[in-house]
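Listed below are the residues making up each chain.
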Amino acid sequence: MQTMKRDVVIIGGGPAGLSAAVAAKESGCEDVLLIERDRILGGILNQCIHDGFGLHRFGEALTGPEYAQRYIDEFHRRGAEAMMGAIVLSMDQNRGLVVSSRRGFIKIDPGAVVLAMGCRERTAGAISLPGTRPAGIYTAGAAQNLINLQNIMVGERVVVLGSGDIGLIMARRITLEGGKVEGVFEILPYASGLPRNIQQCLHDYDIPLHLSTSVVNLHGKERLTGVTVARMDPNLRPIQGTERFVPCDTLLLSVGLIPENELSRGAKVHMEERTGGALVDDAFMTSIPGVFSCGNALHVHDLVDWVSGEAAQAGGFAAEFLQGGKKFPEPSVRILPSDGVRYVLPQQVSGSRDFILSLRVREPSRDRAVRVRDGGRKVAGKKMGRLHPAEMVRIKVKGEKLQGARTLEVSVE
Amino acid sequence: MKKKELICVICPNGCPLAVLVEEGTEGGPAFRVLAVEGEGCEKGPEWAEQEITHPVRTIASSILVEGGDFPLVSVRTDAPIPLGRIFEVMKEIRSVRVTAPVKIGDILVKNPAGTSCNLVATRMIRESNAS
Numbered sequence: 002m003q004t005m006k007r008d009v010v011i012i013g014g015g016p017a018g019l020s021a022a023v024a025a026k027e028s029g030c031e032d033v034l035l036i037e038r039d040r041i042l043g044g045i046l047n048q049c050i051h052d053g054f055g056l057h058r059f060g061e062a063l064t065g066p067e068y069a070q071r072y073i074d075e076f077h078r079r080g081a082e083a084m085m086g087a088i089v090l091s092m093d094q095n096r097g098l099v100v101s102s103r104r105g106f107i108k109i110d111p112g113a114v115v116l117a118m119g120c121r122e123r124t125a126g127a128i129s130l131p132g133t134r135p136a137g138i139y140t141a142g143a144a145q146n147l148i149n150l151q152n153i154m155v156g157e158r159v160v161v162l163g164s165g166d167i168g169l170i171m172a173r174r175i176t177l178e179g180g181k182v183e184g185v186f187e188i189l190p191y192a193s194g195l196p197r198n199i200q201q202c203l204h205d206y207d208i209p210l211h212l213s214t215s216v217v218n219l220h221g222k223e224r225l226t227g228v229t230v231a232r233m234d235p236n237l238r239p240i241q242g243t244e245r246f247v248p249c250d251t252l253l254l255s256v257g258l259i260p261e262n263e264l265s266r267g268a269k270v271h272m273e274e275r276t277g278g279a280l281v282d283d284a285f286m287t288s289i290p291g292v293f294s295c296g297n298a299l300h301v302h303d304l305v306d307w308v309s310g311e312a313a314q315a316g317g318f319a320a321e322f323l324q325g326g327k328k329f330p331e332p333s334v335r336i337l338p339s340d341g342v343r344y345v346l347p348q349q350v351s352g353s354r355d356f357i358l359s360l361r362v363r364e365p366s367r368d369r370a371v372r373v374r375d376g377g378r379k380v381a382g383k384k385m386g387r388l389h390p391a392e393m394v395r396i397k398v399k400g401e402k403l404q405g406a407r408t409l410e411v412s413v414e
Numbered sequence: 433m434k435k436k437e438l439i440c441v442i443c444p445n446g447c448p449l450a451v452l453v454e455e456g457t458e459g460g461p462a463f464r465v466l467a468v469e470g471e472g473c474e475k476g477p478e479w480a481e482q483e484i485t486h487p488v489r490t491i492a493s494s495i496l497v498e499g500g501d502f503p504l505v506s507v508r509t510d511a512p513i514p515l516g517r518i519f520e521v522m523k524e525i526r527s528v529r530v531t532a533p534v535k536i537g538d539i540l541v542k543n544p545a546g547t548s549c550n551l552v553a554t555r556m557i558r559e560s561n562a563s
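Protein chains in written order, with this note's numbering: chain A, 2 to 414; chain B, 433 to 563.
Hints in this document: simulated from the structure, not taken from any laboratory.
Since the model is a prediction, treat every value here as computed from it, not as a measurement.
Take every hint as true, because none was put in to throw you off.
Straight-line Cα separation of at most 30 Å, DSS-like style, residue types lysine-lysine; simulated pairs:
#, chain 1, residue 1, chain 2, residue 2
1, B, Lys475, B, Lys436
2, A, Lys181, A, Lys222
3, A, Lys397, B, Lys475
4, B, Lys436, A, Lys384
5, A, Lys397, A, Lys328
6, A, Lys383, A, Lys399
7, B, Lys436, A, Lys181
8, A, Lys384, B, Lys475
9, A, Lys6, A, Lys108
10, A, Lys6, A, Lys328
11, A, Lys384, B, Lys435
12, A, Lys384, A, Lys397
13, A, Lys181, B, Lys542
14, B, Lys434, B, Lys475
15, A, Lys379, A, Lys328
16, B, Lys542, B, Lys523
17, A, Lys402, A, Lys379
18, A, Lys383, B, Lys475
19, B, Lys542, B, Lys475
20, B, Lys523, A, Lys181
21, A, Lys328, A, Lys402
Stretches of chain B that chain A covers, calculated by requiring three or more beta carbons in the stretch to come under 8 Å of a beta carbon on chain A:
#, region
22, 482-494
23, 511-523
24, 547-560
What follows is a set of in silico ranges between Cβ atoms, one per label pair, in the way DEER data are often shown:
#, chain 1, residue 1, chain 2, residue 2, range
25, B, Gly546, A, Gln151, 26 to 32 Å
26, A, Gly257, B, Asp501, 28 to 34 Å
27, B, Asp510, A, His57, 17 to 23 Å
28, B, Asp510, A, Asp355, 38 to 44 Å
29, A, Ile357, B, Asp501, 36 to 42 Å
30, A, Arg387, B, Ile539, 35 to 41 Å
31, B, Asp510, A, Asp234, 45 to 51 Å
32, A, Ser129, B, Gly546, 46 to 52 Å
Just so you know, even glycine gets a beta-carbon here, dropped at the ideal spot from N, CA and C.
If we strip away everything but chain A, and leave its shape as in the complex, we get (with noise of 0.2 Å):
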């Protein structure tokens, strides 16, 4: 097998990779490959032309494959070097990979890894949906990706599942698309979706949203038929009796995302239960040195411009770290999720830099504030108007003010 020696590899070429990778460029890293399975760079921004990107990043609303193009050109114009085609089978607990590429097998030995592989959707069988097992069952972004990619409409008369960002713009995208969308049916009494999409891709439409309602059979032997829906207790148990059957030949899921870890389960690196990522410290670095994780791998983000800033930094820590210049000191200080808080991360920090602390919470709330405290010691906060477990929630930490502290609970308060 051939095997190859170099200095950063980045597996994933989505908004993470990519970001990562021209971060680590600028720090001045000279070697720099980028792993990318698939033909074209760029990852999901591809399949996603509604705009919205960028605010934050650009200071525009941009399209997906427009966002993804500005660091594509990034990329190219700053030397770093992309195989495309190729994915990783796997990575041991000294960073070593083997790869499947088009020439072949490759052993790779990286000084530094970043891993930035994206996050998959939960499926039919993910959820345990009940009912026979027709055509016309897809999640969100596959149909998305039939849609906006290749020219293939999934159905006609469309039931979505899940009030997810991708399922609300797939009811607009298949409405104008000349589809008709039922009605978007979510199990929790408050819609997952950022708000702004409920009101531009289901209001605009006329698009009936159904809180506290879920699909609970499915009809059809070849293709879907139908699907019966119910209201929920607030166990999230169907109400006898409330039962309807639903027209329809199409059901799209959106109904979460799950960090794609394969390969960090399989070099046995610590993962967090809470975000089904890695489990990192303030330089975005693993259980294992130098590896480093970012990006929807890491946690699912709602905002890719969080994506961008995210891996930047894991990817300049990766140079860094193969410099070997700046030290990366062991985390000492444990950071834990408390009241009203679903995630932290980073969950483990050395106290020697400052930091974002990126948290989400687990209901819907106003006028309240965030606090990061060390027993009765408040080290860090934010007031919040609107809190949503939609949006993710970002607070800056200083490392000087964790001196002596070694464990920080996170609430709303």
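Position chain B relative to chain A; hints supplied.
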């Protein structure tokens, strides 16, 4: 006087706006905005005014390409169009064919359905290698 609830679509914050309106005069817009509450920035009231009197949207879709490395090129309107005219513009989008190559920013259709916008390409399409 009537109160209308809107979600601002200017940015991902999606501020909930309460808009106080009164019936418009004959020949003009259906409503007139008296006051706006709930905005997180100065763009909110501006958008609410527009939304109540002349709602507009930017739309994104895709156009068939011949001889390209992908069958579709994604496009968007380079200016917002009236909400009520979206389906006319979509009809025109579906009837158009373009030929590869296409660059980002190329104007593929001028004034679709007689609107004052253009349809511009949002992705690059190379010529297909296949003969």
